[in-house]
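Participant: Using the sequences and the hints, build the whole thing.
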Amino acid sequence: MRNEEYIKKWVEGTLGEEERKVFEQTDTYHSLKKLSESLQGFKAPEYHVQKEWDRLQLKRSDKGKVKILNWINPLLRLAAVFVILIGTYYFFFQNSTTTFQTKASENTELTLPDSSYVIMNAFSRLTFNKKKWDRYRKVKMDGEAFFKVVRGSKFDVETESGIISVLGTQFNVKNRKDYFEVICYEGLVQVKSKSEVVNLSPQQMFRFINGRISNLNNLTDKNPSWILDESSFQSVPFIQVIREFERQYDVKVITNNVDVHQLFTGRFVNSDISLALSSISLPLNLTYQMAGDHSIILEGDNK
Amino acid sequence: MGVRSDENICDESLFNELFKRHSKDLYKFLYYKYGVENNPKDLVQEAFLKLWDNCHKVKPEKARSFLFTVANHRMLNELAKKKTVLKYSQEKTLEHFLETPELLIEKNEYMEQLKNALEHLSEEQRVTLLLNRIEGKKHKEIADMLGISRKTVEKRIYTALSILREKIGKI
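For the record, the sequence lines run as chains A and B.
Count along the first sequence from 1, add 473, and you get the number used in my numbering.
Count along the second sequence from 1, add 425, and you get the number used in my numbering.
Be aware that a few hints might be false.
[Said to hold, decoys possible] Taking lysine-lysine and the DSS-like style, the derived pairs with C-alpha atoms no more than 30 Å apart in a straight line are: (1) A/524 <-> B/563; (2) A/506 <-> B/562; (3) A/494 <-> B/592; (4) A/507 <-> B/445; (5) A/524 <-> B/449; (6) B/532 <-> A/482; (7) A/507 <-> A/532; (8) A/611 <-> A/627; (9) A/532 <-> B/449; (10) B/445 <-> A/516.
[Unchecked claim] Covered stretches of chain B, as calculated for chain A (at least 3 residues, CB under 8 Å): (11) 439-449; (12) 453-460; (13) 483-496; (14) 538-550; (15) 581-587.
[Unchecked claim] Now the in silico label distances, taken between C-beta atoms and shown as ranges: (16) B/544 <-> A/476: 22 to 28 Å; (17) B/436 <-> A/493: 48 to 54 Å; (18) A/509 <-> B/576: 19 to 25 Å; (19) B/433 <-> A/493: 21 to 27 Å; (20) B/544 <-> A/501: 41 to 47 Å; (21) B/436 <-> A/555: 39 to 45 Å; (22) B/436 <-> A/506: 20 to 26 Å; (23) B/461 <-> A/530: 20 to 26 Å; (24) B/590 <-> A/519: 40 to 46 Å.
Rather than coming from a laboratory, the hints here were simulated on the basis of the structure.
Quick reminder that beta carbons are idealized off the backbone N, C-alpha and C, glycines included.
Facilitator: Here's what the structure looks like:
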């Protein structure tokens with residue numbers, strides 16, 4: 474019998490008594506025996522049935538939890554939709570923003586929720602949020618306004634040119650085209666513009682015209698002049714004077730041969746147009762001419 | 426098998442009984458076939474979870490083949506299947522203490538080669554051989570476990586032995 478057949482029969486366990494004795498004498502048998510014994514070293518690591526069962530129980534309970542969540546999920550989604558709907562409703566229909574606006578040649582006085590007092594000059598706009606007011610005193614302002622702020626938490630005036638922060642004080646903010654000016658009359662005012670932060674004490678002014686910053690101290694006025702129906706200017710480009718004039722009298726001013734960039738110091742009344750025109754034309758040797766109800770021509774003399 | 430076919434696997438005690446009866450065999454099967462790196466213990470758990478999910482559909486007497494099929498398919502679906510790695514230990518040899526260093530080295534070399542040869546057997550050859558040689562499973566039991574004939578089991582064992590002997594024949 475050949476080796477192969479012996480092995481086959483050995484595997485099947487069908488070797489006869491005689492055959493087995495013969496086979497056990499061969500090298501093949503010994504190498505097989507060694508191989509077989511060595512294989513015992515490859516026995517799989519111990520498997521603890523109870524331990525694995527406990528592990529399975531944990532996984533099953535985890536799965537259970539997932540199922541419960543899956544059941545809750547649609548409810549959560551529904552709840553989320555409601556929250557969004559209610560939120561949207563409040564956002565659009567319970568809008569608590571208050572806006573005040575003045576037209577040309579118009580002044581308005583108003584009192585904010587904390588009884589702070591504001592006078593708005595012509596062509597100005599002021600908005601604030603009533604609901605948030607208790608937490609944060611903040612108004613957005615475009616144009617010119619004078620503030621008398623009641624002492625309390627921080628009070629912010631937000632303009633395009635900068636933020637003015639105070640605690641309780643009186644100050645004037647003028648935020649016009651190419652022109653930003655803050656004057657402090659009482660207390661302490663902080664002005665935060667894009668480029669810098671300035672603290673103003675009473676009778677100090679911060680001004681930002683055409684990218685140039687200037688500060689003035691020792692102002693004499695206790696209140697902005699416009700409150701007393703006067704517009705006053707100190708070293709201001711003439712174009713700004715003209716624009717203020719247009720706002721106060723609701724007219725269009727056409728200039729002819731006039732240097733609008735020269736600096737102007739002076740004032741004009743806001744209640745008498747002929748007197749006001751004289752006030753701004755005489756000092757600069759200009760002549761004026763009414764052209765219809767709403768236009769005025771200002772002309773230089775040296776042609 | 427002692428399981429009445431009118432019983433339902435969804436019954437907690439029957440499910441536990443099935444786990445006690447089959448989980449160990451399933452584990453050995455997966456270990457010898459795919460090695461330790463492919464987490465045979467976790468695969469056993471997954472197979473039983475699947476059995477629980479399907480407890481209404483699977484009859485108790487079919488549970489065993491269901492488990493083996495599920496675990497095997499799960500393994501085949503695993504795209505990043507790891508190379509089969511087996512581990513061996515020699516702690517059980519009592520002569521260990523009497524052996525000379527030379528003998529010990531020789532034995533280690535032999536085991537290394539055997540490990541290498543085993544890992545290169547086909548999965549079917551390896552699982553058949555080791556269930557028989559190590560776990561002492563009878564040919565008939567293995568045939569039932571793998572769903573093949575007894576004759577095939579014997580042929581696989583013989584082929585596997587021949588390959589191993591050829592690869593490490595010199596020693």
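Participant: Are the hints correct? Go through all of them and say.
Facilitator: How the hints compare with the structure:
no., hint, verdict
1, A/524 <-> B/563, "holds (27 Å)"
2, A/506 <-> B/562, "holds (18 Å)"
3, A/494 <-> B/592, "holds (27 Å)"
4, A/507 <-> B/445, "violated (34 Å)"
5, A/524 <-> B/449, "holds (12 Å)"
6, B/532 <-> A/482, "holds (28 Å)"
7, A/507 <-> A/532, "violated (43 Å)"
8, A/611 <-> A/627, "holds (8 Å)"
9, A/532 <-> B/449, "holds (18 Å)"
10, B/445 <-> A/516, "holds (20 Å)"
11, 439-449, "holds (count 5)"
12, 453-460, "holds (count 3)"
13, 483-496, "violated (count 0)"
14, 538-550, "holds (count 3)"
15, 581-587, "holds (count 4)"
16, B/544 <-> A/476: 22 to 28 Å, "holds (26 Å)"
17, B/436 <-> A/493: 48 to 54 Å, "holds (49 Å)"
18, A/509 <-> B/576: 19 to 25 Å, "holds (21 Å)"
19, B/433 <-> A/493: 21 to 27 Å, "violated (50 Å)"
20, B/544 <-> A/501: 41 to 47 Å, "violated (24 Å)"
21, B/436 <-> A/555: 39 to 45 Å, "holds (43 Å)"
22, B/436 <-> A/506: 20 to 26 Å, "violated (48 Å)"
23, B/461 <-> A/530: 20 to 26 Å, "holds (24 Å)"
24, B/590 <-> A/519: 40 to 46 Å, "violated (29 Å)"
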